[in-house]
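Engineer: What follows is the residue order along each chain.
Protein chains: 2
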Amino acid sequence: MKRYRREDEVSYALGITLTFELLKFSPEYATKVYIHSQMQRGESFDKLSSLCKELKIPMEFSDKPFNILSQKENCFCIGEFKKFDRPVSKGANHVVLHNPSNAGNMGTIMRSAAGFGITDLVIITPAVDHFDPKTVRASMGALFHLNISVFSSFEEYKEQYGNREMYPFMLKAKKKLSELKVKKPYSLIFGNEATGLPDSFLNEGTSVIISHSNRIDSLNLPIAASIALYEATKEDF
Amino acid sequence: MKRYRREDEVSYALGITLTFELLKFSPEYATKVYIHSQMQRGESFDKLSSLCKELKIPMEFSDKPFNILSQKENCFCIGEFKKFDRPVSKGANHVVLHNPSNAGNMGTIMRSAAGFGITDLVIITPAVDHFDPKTVRASMGALFHLNISVFSSFEEYKEQYGNREMYPFMLKAKKKLSELKVKKPYSLIFGNEATGLPDSFLNEGTSVIISHSNRIDSLNLPIAASIALYEATKEDF
Chain A
12 MKRYRREDEV SYALGITLTF ELLKFSPEYA TKVYIHSQMQ RGESFDKLSS
62 LCKELKIPME FSDKPFNILS QKENCFCIGE FKKFDRPVSK GANHVVLHNP
112 SNAGNMGTIM RSAAGFGITD LVIITPAVDH FDPKTVRASM GALFHLNISV
162 FSSFEEYKEQ YGNREMYPFM LKAKKKLSEL KVKKPYSLIF GNEATGLPDS
212 FLNEGTSVII SHSNRIDSLN LPIAASIALY EATKEDF
Chain B
12 MKRYRREDEV SYALGITLTF ELLKFSPEYA TKVYIHSQMQ RGESFDKLSS
62 LCKELKIPME FSDKPFNILS QKENCFCIGE FKKFDRPVSK GANHVVLHNP
112 SNAGNMGTIM RSAAGFGITD LVIITPAVDH FDPKTVRASM GALFHLNISV
162 FSSFEEYKEQ YGNREMYPFM LKAKKKLSEL KVKKPYSLIF GNEATGLPDS
212 FLNEGTSVII SHSNRIDSLN LPIAASIALY EATKEDF
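Chains A and B supply the protein sequences, listed in that same order. Each position in the first sequence, counted from 1, maps to that position plus 11 in my numbering. Each position in the second sequence, counted from 1, maps to that position plus 11 in my numbering.
Keep in mind the hints are simulated off the structure, nothing from the lab. It is possible that part of the hints are untrue.
The calculated lysine to any residue pairs, modelled on SDA-like cross-linking and capped at a C-alpha distance of 20 Å, are [said to hold, decoys possible]:
(1) Lys245(A) to Asn110(B)
(2) Lys145(B) to Val193(A)
(3) Lys245(B) to Glu20(A)
(4) Lys245(A) to Lys192(B)
(5) Lys83(A) to Ala114(B)
(6) Lys186(B) to Lys145(B)
(7) Lys187(B) to Ser189(A)
(8) Lys185(A) to Asn110(B)
(9) Lys35(A) to Ser229(B)
(10) Lys187(B) to Lys185(A)
(11) Lys192(B) to Lys245(B)
(12) Lys245(B) to Lys83(A)
(13) Lys186(A) to Glu246(B)
(14) Lys83(A) to Lys169(B)
(15) Lys83(B) to Asn113(A)
(16) Lys67(B) to Pro98(B)
(17) Lys169(B) to Lys245(B)
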C-alpha cells in the first residue's frame, strides 16, 4: 500500500460517514473496507459489517493504511473503491467545471449539485483530480451520487452534448442570474478559481452574472456555483 | 515578533492584495507594513510605498516576520493592523453567526456578505477568532469593510439589537427561502458547522430552510449563508 496518486485505479473514502455513502450509493465500485484497531464496536460497526457481508466486500483489520492515507486523528474506517466511469446523460442538466484547480472546491460543488438535484458533472481538463480523497471528503460523499464525464476541451463536450442551453457564468456577462429563466436541459458552466472562464465563452449560449457590490472582486467559486444551482433549481424543491 | 495568537492586539493581512485592502478600507487601523527582500520592485511596490507614506504607516524591510507568520511561499508583503472594534449598526441588516468554528468558513461568509452589501456581522461566542490571519485571508480582505460585534449569547444580542426581523436558518424550519420576502432591517442567523442552530431558535422570528434533495444531509455553512445573502439582497443588485 502506497500514498494515493492520481494514476491509481482505486481511491478512498476516509471515515465512517463517507464509507457508508460509498456502500449505499456506489456499492458496485467498493472493493475493500479497512478497519482501524481503535474503531469502537457498536451499532455503526455492526451495520458496517453486515453491509459488507451482504455486498461481499472484504473487511481488512489493519492500522497501516491509516498511517499512509489519512491525516485525521479520528479516522478509523476507510472505504476503498475502484474509480468509476459513469458518463453524464444527454437529457439531464449538467454542471460544467472548466479547469477547476482546487479539490476542496470541487468537492463542495459536488455536494451542492447533489443537494439541488443535479447529478451530472462535466469536467474540462486540465483539472484537479475528481477522485482525490480530498475531493471525496469535501463532497461529503456526494461524489457517489454523480455521473461524471471528463473532456479535454469544451468543443469536445459540445460535439457530444451540444444540443442544450449553455449558461456560462462570467463577470463580463450581461444577463443577471436573478432575471434568468433557465430552459432545460441546461449546462451551468463555471471557470477556474483564479481566472474564470475565457472571454470566448461570451459567445456560448447565454452568459450570466451573479451581480454583487464592488466591495469584492468576485465570489468564491463554490459559492457562485451553489447560488446558480439554487436559483436554477428552486422551483423543484 | 511571535506567532499570531488570539490574545494579541494586532493581526496580519498576508500578501500584497490583502495589504492593499487593509490600507484602502481600514487605514486607521494599519500599524506597519513588512516587506520581504524578495519582493519585486515595480508598479505595485511603488503604489504601496506611496500609500504608506501618505498614510504615515512605517514600512519595515525584514524577512523574519515572514518565516514566523506566513506558510505561503509567495507572500512577500504583510500588513499589520490593530484589531478594531467597530460595532454593528441598529438600522442595518446583519449576518449573525452562532458559534462558528472554522476560520476559512467565517472568512468566506465575510466575503459573500460584503459582496451582497451586508457589512454588519454579529458573532455569538464561543466562536473562531474573526481576526485570525486565516479568517482575514479567506475573507479576501472583506473583513476590512465590516462592522463586527461580538456577544456571548443570542439574548445579549437581542437586548441591544432586538427590534428587527430575525431569520434563523434551520433544517427544521418550515418557511422556504425561495418563498420568503424579507422585511428590513433583518438578521440572517446561521448555526455551527456541525450542529446547526439549537432548536430554541425555532421560536425566534421566522425560521427558514433552504430546501434540497435528500441526497445530502445539509449544505456547507458558507454555501448556505451565501445563498441566503443572495436571495435576501437580489433586488439591490
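Engineer: Give a verdict on every hint.
Structural biologist: Hint check results:
no., hint, in the structure
1, Lys245(A) to Asn110(B), "28 Å, violated"
2, Lys145(B) to Val193(A), "37 Å, violated"
3, Lys245(B) to Glu20(A), "45 Å, violated"
4, Lys245(A) to Lys192(B), "15 Å, holds"
5, Lys83(A) to Ala114(B), "18 Å, holds"
6, Lys186(B) to Lys145(B), "34 Å, violated"
7, Lys187(B) to Ser189(A), "17 Å, holds"
8, Lys185(A) to Asn110(B), "39 Å, violated"
9, Lys35(A) to Ser229(B), "18 Å, holds"
10, Lys187(B) to Lys185(A), "29 Å, violated"
11, Lys192(B) to Lys245(B), "11 Å, holds"
12, Lys245(B) to Lys83(A), "40 Å, violated"
13, Lys186(A) to Glu246(B), "14 Å, holds"
14, Lys83(A) to Lys169(B), "38 Å, violated"
15, Lys83(B) to Asn113(A), "16 Å, holds"
16, Lys67(B) to Pro98(B), "26 Å, violated"
17, Lys169(B) to Lys245(B), "26 Å, violated"
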